[in-house]
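J.: The opening position of the sequence shown corresponds to residue 1 in the working numbering, with each subsequent residue numbered one higher.
Hints were generated in silico from the structure; no laboratory data involved.
All values reported here derive from a predicted model rather than from experimental measurement.
Be a bit skeptical, because a hint or two may be false.
[What the hints assert, rightly or not] Simulated pairs of lysine-lysine, DSSO-like, Cα-Cα distance not exceeding 30 Å:
#, residue 1, residue 2
1, 173, 35
2, 163, 139
3, 192, 163
[Unchecked claim] Taking CB as the label site, the calculated pair distances span:
#, residue 1, residue 2, range
4, 332, 144, 25 to 31 Å
5, 258, 171, 48 to 54 Å
6, 375, 272, 15 to 21 Å
7, 347, 168, 39 to 45 Å
8, 45, 168, 38 to 44 Å
9, 144, 293, 39 to 45 Å
10, 35, 172, 20 to 26 Å
11, 258, 34, 32 to 38 Å
Ideal placement from N, C-alpha and C gives every residue a C-beta, glycine not left out.
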Amino acid sequence: MLRHEYVHFLQFQSAPAPYPFWYQEGFAEYLSSVKYRDGAMWVGEILMARAAALKVNEWLYVRKLVEGDRDEWDGYSIYGQSWLLTHMLYTDPKYRTGRSTLLQLLADGAKPREAFETAFGVNYQSLDTDMRDYYKAGKFYSYKFVIEEPVFDIEGPIVLSDKEAEAAKWRAKLALRRSEKAARRLVRDLKKALKKDPHNNDLHEILLKAWTNANDWDAAAVQAKQSLAMPAVSPAVKAIAGEVLWQAEVERRRALLKDAKDEENEGSSDPDLGLDDMFLQTVRGYMEEGIDADPLNARARMWHAGTYIYGGQNDFDAAAESIKQAYILYPQRWRIRRQYADLLYTQKSFDQACLLYGPLYRTTRSKSELKGIKARLKELAPDHPDCKIRELEETPETSR
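Hey, can you work out the whole structure from these sequences and the hints?
T.: As structure tokens, then:
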């Protein structure tokens with residue numbers, strides 16, 4: 001898991017555009033298999049758990065794999081088939097020579113179907129058949145790299161306590177159960193676990209994050225208040241509770257505006273919600289406690305910035321430091337990249353903003369996100385060539 005996540009960190013340190021989601025996960029899985037033996041490093045070893053899971057889990061047709069919305073995917077299928085497709089791209093003679101062309105086309109905004117046809121001369125049906133044949137053949141070749149000198153000294157293993165191991169298990173489940181339906185099942189299971197250990201800060205933190213994935217903000221807010229009421233609340237729980245309370249209030253007020261059909265705000269992508277100053281100070285305080293305790297908490301920084309720029313606030317000066325630090329820590333997260341692009345725009349750094357807006361447009365998933373970014377690109381495009389992306393008028397591919 002650590003290797004997998006470290007690959008994600010490296011993927012976005014210099015990349016000008018987000019990789020498609022299937023490649024993000026497939027490449028991270030591909031490199032996570034690295035083994036060290038006989039003075040050499042072996043890359044591309046078969047992942048037995050992924051290979052076995054492909055036998056029993058639903059097979060996603062390739063169009064859904066490369067175009068689908070990550071929130072709709074089953075975690076085991078998408079990770080397994082993403083790994084399989086990536087492995088094929090790196091070792092199958094038919095595909096490895098065109099891999100770089102494919103990734104460049106996708107980064108330039110080509111539709112996945114067109115990109116695969118151009119790079120390899122295959123349609124979706126042929127690609128799907130080749131993936132199935134590659135899997136059935138079972139020849140998962142790996143690359144060998146001789147290591148003359150060790151890159152770093154390997155220390156002894158880290159031994160987790162029973163409590164730490166239990167929390168790690170739940171965090172792994174949280175990472176896999178991203179869909180609303182799966183998140184609700186996880187919420188149910190976590191509640192059962194909390195009955196046995198009601199003051200476990202790790203479980204409260206994971207439960208609140210599961211509620212955000214379930215997208216039930218009213219229930220999440222109730223849980224946030226319950227978590228904050230327990231004795232010895234950790235800064236991490238306060239940070240996620242602040243996020244939940246703020247988001248729940250924003251969603252509630254947006255729903256009221258929509259129901260009232262407020263003409264003053266009609267057509268505004270982010271109307272002034274009239275959030276109370278005392279409320280904002282409270283939720284920011286919770287997030288700041290989390291950030292002070294863990295300066296690497298990019299999620300808390302992102303939502304801390306959000307309290308200044310969403311809901312009609314638009315105070316980018318106050319949010320600037322949180323946005324910059326979140327982007328340094330976690331540049332691959334879509335919302336963080338969007339915040340940073342908007343910050344660059346408000347600071348009139350239009351050339352830099354364009355480099356981010358194009359990829360953001362191609363990976364947006366909601367109509368409101370699409371509308372805002374599309375308007376910004378059209379506004380900037382005449383004077384900034386980097387904002388002129390392919391097929392601007394068409395619905396972008398959902399590859400986030």
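J.: Please go over all the hints and tell whether each is borne out by the structure.
T.: Right, here's what the structure says about each hint:
1. Between residue 173 and residue 35, the direct Cα distance comes to roughly 25 Å. Compliance with the 30 Å bound is thereby established for this hinted pair.
2. The hinted pair formed by residue 163 and residue 139 fails the criterion: a straight-line CA distance of about 40 Å is larger than 30 Å.
3. The suggested pairing of residue 192 with residue 163 holds, with an alpha-carbon distance near 16 Å, which does not exceed 30 Å.
4. The supplied range of 25 to 31 Å is met by residue 332 and residue 144, whose beta-carbon atoms lie about 29 Å from each other.
5. The hint said 48 to 54 Å for the Cβ distance between residue 258 and residue 171, and at roughly 35 Å that hint is violated.
6. Checked against the given bound of 15 to 21 Å, the beta carbons of residue 375 and residue 272, roughly 19 Å apart, stay inside it.
7. Roughly 40 Å separates the CB atoms of residue 347 and residue 168, a value that falls within the hinted 39 to 45 Å.
8. Range check, residue 45 to residue 168: about 23 Å between beta-carbon atoms, so the 38 to 44 Å window is missed.
9. A C-beta distance of roughly 44 Å is found between residue 144 and residue 293, which places it inside the suggested range of 39 to 45 Å.
10. Between residue 35 and residue 172 the CB atoms are about 22 Å apart, so this pair conforms to the stated range of 20 to 26 Å.
11. Separation of residue 258 from residue 34 is about 50 Å and departs from the stated range, judged on CB atoms against 32 to 38 Å.
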